[in-house]
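A.B. asks: Chains as they are written, first to last, in full-length UniProt numbering: chain X, 1 to 240; chain V, 1 to 240.
Heads up, some of the hints might be wrong.
No copy labels: a pair is met if it fits in one copy or bridges any two.
Below, simulated EDC-like cross-link-like pairs (lysine to aspartate or glutamate); rule was C-alpha separation at most 16 Å, straight line [stated by the list, open to error]: (1) K119 x E23; (2) K137 x E45; (3) K92 x D231; (4) K166 x E57; (5) K179 x E217; (6) K119 x E21; (7) K179 x D37; (8) K179 x E57; (9) K137 x D231; (10) K166 x E217.
It should be emphasised that the hints constitute simulated quantities derived from the structure, not laboratory data.
It should be emphasised that the depicted structure is a prediction, and the values quoted were computed from it without experimental measurement.
There are 2 protein chains.
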Amino acid sequence: MQEPLDVLIAKLASIGRLLPEYETAIRQLPIRVSQLDRGDDAVMEGQIMGHCCVVIEGLLQRHKHMQDGSRQILSFHPAGDIPDLQSLHLRKVDYTLSATTPTTIATIRHSDMQAMLRKHPGLTDLFWRDTLVDAAKFLTWMMLIGQASAEARMAHLFCEMFMRLKSVGTIDSFEFPFKVTQSDLADALGMSIVHANRTLQELRSAGLLIFASGQAEILDWPRLSELGQFDPAYLHLADE
Amino acid sequence: MQEPLDVLIAKLASIGRLLPEYETAIRQLPIRVSQLDRGDDAVMEGQIMGHCCVVIEGLLQRHKHMQDGSRQILSFHPAGDIPDLQSLHLRKVDYTLSATTPTTIATIRHSDMQAMLRKHPGLTDLFWRDTLVDAAKFLTWMMLIGQASAEARMAHLFCEMFMRLKSVGTIDSFEFPFKVTQSDLADALGMSIVHANRTLQELRSAGLLIFASGQAEILDWPRLSELGQFDPAYLHLADE
DNA sequence: GAACCTGATTAACCTATGTGAATCGGTCTT
DNA sequence: AAGACCGATTCACATAGGTTAATCAGGTTC
Numbered sequence: 001m002q003e004p005l006d007v008l009i010a011k012l013a014s015i016g017r018l019l020p021e022y023e024t025a026i027r028q029l030p031i032r033v034s035q036l037d038r039g040d041d042a043v044m045e046g047q048i049m050g051h052c053c054v055v056i057e058g059l060l061q062r063h064k065h066m067q068d069g070s071r072q073i074l075s076f077h078p079a080g081d082i083p084d085l086q087s088l089h090l091r092k093v094d095y096t097l098s099a100t101t102p103t104t105i106a107t108i109r110h111s112d113m114q115a116m117l118r119k120h121p122g123l124t125d126l127f128w129r130d131t132l133v134d135a136a137k138f139l140t141w142m143m144l145i146g147q148a149s150a151e152a153r154m155a156h157l158f159c160e161m162f163m164r165l166k167s168v169g170t171i172d173s174f175e176f177p178f179k180v181t182q183s184d185l186a187d188a189l190g191m192s193i194v195h196a197n198r199t200l201q202e203l204r205s206a207g208l209l210i211f212a213s214g215q216a217e218i219l220d221w222p223r224l225s226e227l228g229q230f231d232p233a234y235l236h237l238a239d240e
Numbered sequence: 001m002q003e004p005l006d007v008l009i010a011k012l013a014s015i016g017r018l019l020p021e022y023e024t025a026i027r028q029l030p031i032r033v034s035q036l037d038r039g040d041d042a043v044m045e046g047q048i049m050g051h052c053c054v055v056i057e058g059l060l061q062r063h064k065h066m067q068d069g070s071r072q073i074l075s076f077h078p079a080g081d082i083p084d085l086q087s088l089h090l091r092k093v094d095y096t097l098s099a100t101t102p103t104t105i106a107t108i109r110h111s112d113m114q115a116m117l118r119k120h121p122g123l124t125d126l127f128w129r130d131t132l133v134d135a136a137k138f139l140t141w142m143m144l145i146g147q148a149s150a151e152a153r154m155a156h157l158f159c160e161m162f163m164r165l166k167s168v169g170t171i172d173s174f175e176f177p178f179k180v181t182q183s184d185l186a187d188a189l190g191m192s193i194v195h196a197n198r199t200l201q202e203l204r205s206a207g208l209l210i211f212a213s214g215q216a217e218i219l220d221w222p223r224l225s226e227l228g229q230f231d232p233a234y235l236h237l238a239d240e
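Please model the entire structure based on the sequences and the hints provided.
C.D. replies: If you want it as structure tokens, here you go:
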């Protein structure tokens, strides 16, 4: 039977050992499911949070703005992610979470979460681990944005999304939906929209990747991951 | 009386509420103090860790390398930081920690740390919070490296170091030691050595900042923090 | 089905930053 | 004190990627 938090269970299982009793505890969490349209904010920079959210279906993006209005997308969050789990201990958030596509989320009150974690120290460790994996991705992205070419960054992003979606069982083929615009890609990779377009065309004409109207198809995984210097170790997946 | 872990106590107090019983527990942790020369590695990418380290004195840097050998410095860690606390739950580290200057560190076994945290859930939360603050810095740096000009990034780095050193009581004036080379700065900010040099000169001739032979002096804090778009909120300091 | 959007694409041009290489100035070594 | 380094600095030149703006294509609205 499909329950909303199934995706969270799958996500946690992908990064660590999830005991049956933990699974039970998670399923007993009171949640409130809600629906976001593209562009809606789930969390806004500066807000003081009393709850956090699980992506049930769709895609959220975490981003931050400079004074001049330019936007850096920090991460994409497909189903299973808890993109604002940090708010449990950093109540005032310093980023904005918006829906990249129409998205369903489940919100969990911090107090309920905390009660559960106090009861299960091992589960605390697993959630802690989740925030650490989240942080580990930033290390890699900082390196890429600071040092890698536009082509390498673009390649890496698609490799990462593929691997993450596969690890939680959302997809099982090299062709998968990734409903972002070229402008989103540009803002995520720290490049201009025009250059994002140029870069995608280079990858396409090199026969590595096709991306059009929200659909990605990886044509040559070995060469794409080579170009993107993609080594999945930083995702700290459990099954390896 | 000066004890090695005093700096850790000060650091934790700077980001949250540290109860007296926690302080006692921390002071009872068995530690092994050791000395690093400039360039020595405390932790190497790929290592499986059974312990983590506290910087007692000096400066460590966390960095990662690309295949072509280029290096991205991800963060600097002055006294009080536990730069590899993540290893508690991500045993295999995906970065290297090296001494930027001669540095004293104290190592703590994971098992001792874990025993302490199991006994004090509130302290677990505080250490968890520390790793989250660490991660929050990366969000900001990703935005800066992706979107900000070389000048803004350089300005921001000095603002951050000043604020962090001040918050743990290591310094109390706008003139402070920051023993890095221009090459370190370049690798931290994702720019070439030559451009780091140019940028420092611009900041100097604008009367904002002097940096020479490991000594920084902020001449005009209002304008420097304005230029660097520095808002200390992302450091999540307790006293605000 | 005309007007409108939003996102993709192209072109022409511009600039911030990178590269390579030479010079300079301390400081450590022998 | 003569090398030998390492880091800082300068210069000349190269280029990845940014900017602006125009056009195109598909979908939506009334």
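A.B. asks: Within a copy, between copies, both or neither: which one fits K92 and D231 at a CA-CA cutoff of 16 Å?
C.D. replies: between (33 Å within a copy, 14 Å between copies)
A.B. asks: Is it within a copy, between copies, both, or neither that the alpha carbon of K166 lies no farther than 16 Å from that of E57?
C.D. replies: within (15 Å within a copy, 44 Å between copies)
A.B. asks: Is it within, between, both or neither when you check K179 against E57 at 16 Å Cα-Cα?
C.D. replies: within (12 Å within a copy, 48 Å between copies)
A.B. asks: Is it within, between, both or neither when you check K166 against E217 at 16 Å Cα-Cα?
C.D. replies: within (14 Å within a copy, 50 Å between copies)
A.B. asks: Within, between, both or neither: how does the pair K137, E45 come out at a Cα-Cα threshold of 16 Å?
C.D. replies: Close across copies (15 Å), not inside one copy (21 Å); limit 16 Å.
A.B. asks: Is it within a copy, between copies, both, or neither that the alpha carbon of K179 lies no farther than 16 Å from that of D37?
C.D. replies: Result: close within a single copy only, 13 Å intra versus 49 Å inter.
A.B. asks: Is the C-alpha distance from K179 to E217 at most 16 Å within one copy, between copies, in both cases, or in neither?
C.D. replies: within (12 Å within a copy, 47 Å between copies)
A.B. asks: Between the shortest in-copy and the shortest cross-copy C-alpha distance, which are at most 16 Å for K119 and E23: within, between, both, or neither?
C.D. replies: within (13 Å within a copy, 24 Å between copies)
A.B. asks: Can you give me the call for K119 and E21, within, between, both or neither, at a CA distance of at most 16 Å?
C.D. replies: Close inside one copy (11 Å), not across copies (21 Å); limit 16 Å.
A.B. asks: Between K137 and D231, at a C-alpha cutoff of 16 Å, which is it: within one copy, between copies, both, or neither?
C.D. replies: Cα proximity of K137 and D231: one copy only (11 Å, versus 24 Å across).
Hint compliance for this structure: every hint is met.
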